[in-house]
Amino acid sequence: MRGYLGSRLAQVLPTLFLVSIIVFGLQQLMPGDPALTIAGESAGDPQLVAQIRNELMLNRPIPVQYLHWLGDLLHGNLGYSWRLQEPVAALVAQKLPVTAQLAVMAFFFAVIIGVPMGILSAVKRNTAWDWLANGIGLFGLSIPTFWLGIVMILVVSVWLGWLPPSGYVPLAQNWVRSLATTVMPAFVLGNAIAAILMRHTRSAMLVALGQDYVRTARAKGLPERVVVLRHALRNALIPVVTLGGLQLGTLLSGAVLTEQVFSVPGFGKLVVDAVFNRDYPVIQGVVLVTALLYVVLNLLTDLLYLLINPRMRQG
Amino acid sequence: MSSVALVPSPPVAESPARVALRRFLTHRSAMLGLLLCLLFVVMAVAAPLISPVSPTATDWSAIRQPPSWAHWMGTDEIGRDELARVIFGARASLLAGVVSVLIAAVIGVPAGLAAGFARGKADAALSRIVDAMLAIPFLVLAIALAAFLGPNLRNAMIAIGITTAPIFMRVARGATMDVMTHDYIEAARAVGNRPWRVAVRHVMPNIFPPILVQGTLSIATSIIAEASLSFLGLGEQPPTPAWGSMLNAAQQFLTQAPWLAIFPGAAIFLTVLGFNLVGDGLRDALDPR
Chain A
14 MRGYLGSRLA QVLPTLFLVS IIVFGLQQLM PGDPALTIAG ESAGDPQLVA
64 QIRNELMLNR PIPVQYLHWL GDLLHGNLGY SWRLQEPVAA LVAQKLPVTA
114 QLAVMAFFFA VIIGVPMGIL SAVKRNTAWD WLANGIGLFG LSIPTFWLGI
164 VMILVVSVWL GWLPPSGYVP LAQNWVRSLA TTVMPAFVLG NAIAAILMRH
214 TRSAMLVALG QDYVRTARAK GLPERVVVLR HALRNALIPV VTLGGLQLGT
264 LLSGAVLTEQ VFSVPGFGKL VVDAVFNRDY PVIQGVVLVT ALLYVVLNLL
314 TDLLYLLINP RMRQG
Chain B
7 MSSVALVPSP PVAESPARVA LRRFLTHRSA MLGLLLCLLF VVMAVAAPLI
57 SPVSPTATDW SAIRQPPSWA HWMGTDEIGR DELARVIFGA RASLLAGVVS
107 VLIAAVIGVP AGLAAGFARG KADAALSRIV DAMLAIPFLV LAIALAAFLG
157 PNLRNAMIAI GITTAPIFMR VARGATMDVM THDYIEAARA VGNRPWRVAV
207 RHVMPNIFPP ILVQGTLSIA TSIIAEASLS FLGLGEQPPT PAWGSMLNAA
257 QQFLTQAPWL AIFPGAAIFL TVLGFNLVGD GLRDALDPR
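If you're matching them up, the sequences are chains A and B in order.
Residue numbers for the first sequence follow the numbering used here, so the first one is 14 and each next one is one higher.
Residue numbers for the second sequence follow the numbering used here, so the first one is 7 and each next one is one higher.
Take these hints with a grain of salt, some might be off.
Said to hold, decoys possible - Here chain A is said to cover these stretches of chain B; the calculated rule only asks that three of the stretch's residues, wherever they fall, bring their Cβ under 8 Å from a Cβ of chain A:
(1) 24–30
(2) 88–98
(3) 133–142
(4) 151–162
(5) 279–292
These are computed hints drawn from the structure, not numbers from a lab.
We put the beta carbon where it would ideally sit given N, CA and C, even for glycine.
Bound-form chain B, shown alone:
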């Protein structure tokens, strides 16, 4: 029977990911933001279950009714329940927020990684393209793209995604250039890894934190952009509800039915606030400087 030496084991160092997670979970405003985001995500996913009526059902006997027990957020100009429309409107906004950011990340991250990794002429060429795209104000370019592509939610998402891509490219490029200075990249090269393997296996996982932060903050800006495009008639088309188009319609009845202008706008504001709080919390957790 062998004896076991009772030597206390050295304390195990917490991994950076765990430290960041703990910091994030104790960040009060980030938790508030997460709660807001979850609320709207649940609202969008479970819309048919929680909505009192169909968002397109009209009731000609209840036109522009103020908020009441029967209609918590009132009714619109053709008697549709405003609460049902706000609940279903979350779908277009969240879908646009997430899909646009995915499009932007799929275009921008590989381009930024390639530019930061290869440097030289490829970097210079990609950076000039990014400069040119960023020279056109975000919403102006998104409006122009959506106008030329045609007015619908899919095209609005493509327009916002393309317009957001240069930001991801810049973030990925900067992060890659930072990661490239570390010893573990030198080591990965020294043991004979091919460049693409170094980029994908060693650089990519380490540029993830700033991209995650940018992604969360970009969801917030994409939601505002989608609402802006649908406000201008370039997003989700009626009768499908979208918060932006609901606000556009509400403008005509500002004196008779002010509630129509309050609830969809408050929904956009709270959703965007939620993602901004989560983004700020993630940034504090991942980069406590």
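The following block holds chain A by itself, in its conformation from the complex:
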């Protein structure tokens, strides 16, 4: 187990190093002179442009610029927002809890919808239930998150008036209003993951239901409910847990659009606002933190897999 952990950690470091090169490389794609872009309306002032170029080391070779940027990064400095005039790290720290709340709720929706649907679909294979569950899964995979959000605002908020259409109230301030403002975006966000979880639970359950230990459990005369839930599901859930952890990327991608549609001031909204305002350091910072979160969560998922799978623990 220690050897496995060591090799996983050894994989993470080069990945993070390459991520840093990709993120730094983004600013090289910018058309024209970055100093002129930053100067904006004052681009006509050559002194100011020269000062910006000097401060950002834009007149130095690219590898030197990268090393300087990496050095800052290792000291926790993600750069400075051109528009908000605040450190990017502070902005990220401020927005991350909002997205985390949304993500946890979205994951809750994904699990309570996706896993039972996958079980039902596998147990009732080739019946109307299976078709229905597969249809709902395909619907979830094909519907654009932002359109589902708009339709839900239209139906639930505008026509029925049940929930507020947008905004956000922190959990600590008023938990009831906080849930009211986040339940719809969380459902929308969880929808795509529910579809993925449903498909994987179904195939994992189909494999598990065909195993000898399930046949033995049935032969012992155990009720079907016990066979399915205690014997098949427990084993089928192992790969599903791993997959669940890997869905953070889908969750964060979805959060960008969902937060925009529902005006939730989280991580996704931060990057969209940065795109609108051409606030490139914020875009870079968000991409970097997202990748870091993804890598760390992946590692934690692997550890969880080790904990719940005794065969791997012994190996």
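With the hints as your guide, set chain B onto chain A.
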């Protein structure tokens, strides 16, 4: 005159490609998907012929009109016909879907083939690059790339293509490693074929099925990605219609003109559903396990 022996010929075995084609053509949901895809492709190609009016023609006397016989899908905030815009909007979405996947395949397939074929250090290096790219969520990277490259459809397609490439690399690498274990590769090497010839003539055709499946499913995700980017103002620029940007504009008039939010979204959904159904059908046909 020679006599012909009337011996019944042994039954000719159907080729795997024919078997897969027959399976695909009898797959009901795949056929439904194919029909949906064809519908939107015809719509995009024949847009000038089937559209009732120009998608950019404004009519100030018909602002935000609900669906009617004159305007089947209503009109938008400056009196443009929504049906015409939905029809022409198919062009940006389908173009982005296909071109992005081609870009991704052109980058990812040779890289994956090389990694799976050469193994060793080249494989390790390429795999680390793929890991790093996949560590950044798909849409976040696409948004960042499109934002830095500049907002237009061409850059959006490049951004989506680059972001999708690692998936193709993974699929091609896995398929190559599987194909390399077969006897015919050993035989091709044994008769003295050069490595590049083995890779191109013997490995490449045999990794095509999983790449075809991935390609179809990636068109679906690329269409959603393009719609997402144009929703954020990073795709096709106004006044050229794109389903994503139409939805963005519709958000402002949700209470007064809800139809503006329904039709472009339904078009994205049906197109993506079509490609997903075809992709699932192809996977079932090519890999019936």
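How the hints compare with the structure:
1. Look at the region 24–30 of chain B against chain A: 0 of its residues bring a Cβ nearer than 8 Å to a Cβ of that chain, fewer than three, so the hint is violated.
2. With a threshold of 8 Å between beta carbons, the proposed coverage of the region 88–98 of chain B by chain A is violated, since 0 of its residues qualify and at least three are required.
3. With 8 residues carrying a beta carbon less than 8 Å from a beta carbon of chain A, the region 133–142 of chain B meets the three-residue requirement, and the given coverage holds.
4. Remark: the region 151–162 of chain B is confirmed as covered by chain A, as 5 of its residues place a Cβ nearer than 8 Å to a Cβ of that chain, reaching the required three.
5. A stretch counts as covered by a chain when three or more of its residues have a beta carbon under 8 Å from one of that chain; for the region 279–292 of chain B and chain A the count is 4, and the coverage holds.
Consistency with the previously given hints fails for numbers 1 and 2, ordered from lowest to highest.
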